[in-house]
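Novice: If you read the sequences in order, they're chains B and X.
Those letters in the first sequence? Residues 1 to 119, by my numbering.
Those letters in the second sequence? Residues 1 to 385, by my numbering.
Among the clues, some could well be false.
[Unchecked claim] Quick list of in silico lysine-lysine cross-link-like pairs, DSBU-like style, CA-CA up to 30 Å: (1) X:K177 / X:K140; (2) B:K114 / X:K170; (3) X:K189 / B:K18; (4) X:K199 / X:K170; (5) X:K72 / B:K18.
FYI, nobody ran anything at the bench for these hints, they're computed from the structure.
Note that the coordinates shown come from a computational prediction; the quantities given were computed from them, not determined experimentally.
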Amino acid sequence: MKSALVIEDDFDIRMTLKELLESEGFVVHLAENGQEGLTCLAKLNEMPKIILLDLYMPVMDGAAFLKEIKSQFPILSGIPILIMTAAAVGEYPAGISPEYILKKPLEIDELFSKIEQFL
Amino acid sequence: MTVESQSSQNSDLNALILAPSGQDGKLAFVVLDNSGIKSEIIPSFETLFERMNRPCGCLLLAEEAITEQALKLLTLRLSEQETWSDLPIILLSSDGKNFEHSRRLIELFGNTANITLLERPFSVITLVSTVKVALRARQKQFQVRELLQTMKRTLSIRDEFLSIASHELKTPITTIKLQTQMKNRFIKKGDFSVFTPGKVSEFIELIDKQSTRLSRLVDDMLDVTKIENGKLTIRPDFCDFGMLVAQVIEAFQAEFESKKIQCDYEQGEKLIGFWDKYRIEQVVVNLITNAIKYGNGKPVLLRSFNQNEKAVLIVKDHGIGVSAKDKERIFQRFERAVSGGNISGLGLGLFISRQIVEMHGGILKMESELGHGSTFILELPLSKE
């Protein structure tokens, strides 16, 4: 069973991604911000195969989430994290490789191509 | 180290006199002082270079003070000036009747200096008018610098705004694109299960909602431009305040329910005002939107009543609140209570709302404590009829 975790503060984007990934056979877990994402990961019996992460979110943003994963939950660092952002190329947080970036507005073909690449 | 790295007041732009042969400097000081021009006697180049770190008006430099070493250092300092700065130097030559001497003196400075040569002996009037002209030009240079700084600040704010606006505008576009591409994907697979009447209806509503969201963002941006250009207008008509607020709350019901936020409205007596209904609705929408956004899911309370012949609306949330130092800042353009990317939105709502309220002769203020929620107080004058 393949599962995905979508961490995105916008309700409509979150629900659309859920519908989209479910149509491709994923079990989808949702979180509104980085903090909820960490809580969700802590409760899961099986780790998701992929994480879709928004950068700009309240409470804990994408950059802070990545930092937490690296420092507090290294066991999760093996999960590929695709970063969804409307930011321009020069504005990505440091340390993020461009191959993990999905620019908003998302292109579905690009999204699935990257998911396939990293699964 | 640059010349005049600090901001200047007019009174700082003095004439600096470097004339080591004792009497000349004192004489020049007195002459200028008698003409209402402030100057300072500078005893040495060492003192001059230190003094040049603060704003100064012009330099009266006697030829006999110049040494090779001092000249080198002076031309270096002058070459390091920022683009707006061109310190006027009035060079007092020792031998006014020698053309060749004068020419060589000017050549010493090359292209690095803004030099006016006064050949001795010169009259008092000549000295005073030359210094006045130099100081006048120097004032203009400082005015240009302030303009440049203001422009830089404005551009920086605008750049940040564009970056935030780009993010905000792309959010509804992302949903529209994902939904339409997803439907297209199903069509290509020959799967038409997503096109049941119910699902098509949901799809249409979602596209409509996102389009409205986009349109509102653009309207906000246009409103700000109009406000800045003094072109925001209001079209007042008689309004029932209580009904207006109730209608706005009704429009938010679906959102309150989906986010499980309790909203209570205590509607007081009938309040009739002469206001632009569309614009006042805009304000109430903004206040409720903020209460939801920053309210942490906790109850929102609205109350409307008459106080001293003013229609008053209280919008209270129990969310994250705002610190004392941020309380006025959030009413400014592009400001939000939470900096950076942590909360979505253009940060224009309160700025626009306050402008609208003040155009109606009203007041919009806020009381808040960090961690304990915020209370927004809207006051509008009632109609006298």
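Novice: Evaluate each hint against the coordinates.
Specialist: Hints and how they fare:
1. X:K177 / X:K140: Between X:K177 and X:K140 the Cα gap is close to 53 Å, so the pair fails against 30 Å, i.e. violated.
2. B:K114 / X:K170: holds (21 Å)
3. X:K189 / B:K18: holds (19 Å)
4. X:K199 / X:K170: holds (24 Å)
5. X:K72 / B:K18: violated (71 Å)
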